[in-house]
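Q: Use these hints to put chain B onto chain A, whose structure you have.
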Amino acid sequence: MLTLDSTLLIPPYVTFTVVGQDAFLLNTRTNRYFALQEVGTRLWTLLKDGTPLKEACQSLRAEYEVQPAQLEQDILELVGQLLDNKLVEIA
Amino acid sequence: MAWYRVAGQELYFDCPIGELTPFQIAVRKNGTANRAVPFISPSFLRKEWQAVFSVLVPPVLICQTVGWVADAKRSVETWSAFRGFLLRVAGGSDFFISRDGQTVQSLNRTEPPGMLNETDRQILLGPALVFALALRAVWCLHASAVMRGRSIIAFLAESGQGKSTLAAYLSQNAPWRLVADDILPVGLAAGGVQVMPHFPQLKLAVDVQPATGLAERLPLTNVCLLERIGVKQDPELQTITTAQGLQALLSHIAGTRMFDSTLLARHLKFCAQAAPQVSFHRLSYPHRRDALPGIAEILRTIC
Chain A
1 MLTLDSTLLI
11 PPYVTFTVVG
21 QDAFLLNTRT
31 NRYFALQEVG
41 TRLWTLLKDG
51 TPLKEACQSL
61 RAEYEVQPAQ
71 LEQDILELVG
81 QLLDNKLVEI
91 A
Chain B
1001 MAWYRVAGQE
1011 LYFDCPIGEL
1021 TPFQIAVRKN
1031 GTANRAVPFI
1041 SPSFLRKEWQ
1051 AVFSVLVPPV
1061 LICQTVGWVA
1071 DAKRSVETWS
1081 AFRGFLLRVA
1091 GGSDFFISRD
1101 GQTVQSLNRT
1111 EPPGMLNETD
1121 RQILLGPALV
1131 FALALRAVWC
1141 LHASAVMRGR
1151 SIIAFLAESG
1161 QGKSTLAAYL
1171 SQNAPWRLVA
1181 DDILPVGLAA
1191 GGVQVMPHFP
1201 QLKLAVDVQP
1211 ATGLAERLPL
1221 TNVCLLERIG
1231 VKQDPELQTI
1241 TTAQGLQALL
1251 SHIAGTRMFD
1261 STLLARHLKF
1271 CAQAAPQVSF
1281 HRLSYPHRRD
1291 ALPGIAEILR
1301 TIC
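Here the protein sequences line up with chains A and B, keeping their order. When the letters of the first sequence are read in order and numbered with my numbering, they come out as residues 1 to 91. When the letters of the second sequence are read in order and numbered with my numbering, they come out as residues 1001 to 1303.
Accuracy of the hints is not assured; some may be wrong.
What the hints assert, rightly or not - Computed beta-carbon distance windows for the label pairs:
{"#": "1", "chain 1": "B", "residue 1": "P1113", "chain 2": "A", "residue 2": "E63", "range": "49 to 55 angstroms"}
{"#": "2", "chain 1": "B", "residue 1": "D1100", "chain 2": "A", "residue 2": "R61", "range": "31 to 37 angstroms"}
{"#": "3", "chain 1": "B", "residue 1": "E1158", "chain 2": "A", "residue 2": "T15", "range": "36 to 42 angstroms"}
{"#": "4", "chain 1": "B", "residue 1": "A1190", "chain 2": "A", "residue 2": "R29", "range": "23 to 29 angstroms"}
{"#": "5", "chain 1": "A", "residue 1": "T3", "chain 2": "B", "residue 2": "M1001", "range": "23 to 29 angstroms"}
{"#": "6", "chain 1": "A", "residue 1": "T51", "chain 2": "B", "residue 2": "A1137", "range": "58 to 64 angstroms"}
{"#": "7", "chain 1": "B", "residue 1": "A1272", "chain 2": "A", "residue 2": "T7", "range": "35 to 41 angstroms"}
{"#": "8", "chain 1": "A", "residue 1": "T7", "chain 2": "B", "residue 2": "D1100", "range": "50 to 56 angstroms"}
{"#": "9", "chain 1": "B", "residue 1": "D1100", "chain 2": "A", "residue 2": "K54", "range": "36 to 42 angstroms"}
None of these hints come from the bench; they were simulated from the model. Everything numeric in this text was worked out from a predicted model, so none of it was measured. The beta-carbon is built from N, C-alpha and C at its ideal position, and this holds for glycine as well.
For reference, chain A alone in the conformation it holds in the complex (with noise of 0.2 angstroms):
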């Protein structure tokens, strides 16, 4: 079950590449993009630095003016959408 004390892994059969302020994500495996707006993109920076999810909520709730909660439940509805279309993996 997916939380933010999941950790999370990109697969090696995704590749992104950031365009100003978006990322097109491919699955390779698909053959399918997938883009990512501003904030998404920022959030997938810190995911593929390596830094843990939780980790990277409290650098986004420091980058950003958001509410704690909406915070916390945008992240886990976007990583949701990242994992059902297996673009990240639960380590």
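A: Structure of chain B alone, referenced to chain A:
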């Protein structure tokens, strides 16, 4: 990473392209693609947070076709994404083209930074460049063109119909001068229809590119639709109607099969606005060398 000024437009590519070297400009400090890690304004995000954060969006396929790219018939797909389009040509890398047409960036190239394989080079110089320019309202006519004084004549024809041969012949005889060999970017300006000859003509060597010494924008005065006739027939120039000219423009602008409905609508609007501002002719043209001087004489009557 390099900025170029092609067909009067500033474009950014994420790797240098030899054929565009004559059009390279100084690196700009501001732009979409050269901000690898964006500075994020908290005040901006305060407004946008809920709307954009929990979004993982698959791009949407808007067009799928088959085209002749990089010396082969390939599947070509265009996809719409947040701030631009993805161009996917079978056998090549995928390219992002920003919605403003200024940035072209590879998404999954495997070569080291700055390196480009031959297929990707031809995709960039072909469909990617044509698509990016279309987003900036510059349309690539499949045409050769010559200039005589202040008059420019574009020759529209499919490949193999003699448009390059005719333009090359004319340009060998002063005061004719070559403007384009195969692709002629055109657009609208306050003064009418303009050609933008600062564009790489890929079938010509770098040292004989026609753009050298030409202004960035020139008025387009005449368009000739080439019609191949029997070698024993004589060349003939006939004026055709604006409606026929419009049809010729519509069918000779490159890359339209990649366009979404918005771009197709802009393309139609351009052709409809441009056609009444240009004189259209049909040049019946026998493919024999000794007919070329006579054709030059005929063309003098319209410029």
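Q: May I ask which of the numbered hints given earlier this structure violates, with the numbers listed in increasing order?
A: 1, 4, 5, 6, 7 and 8
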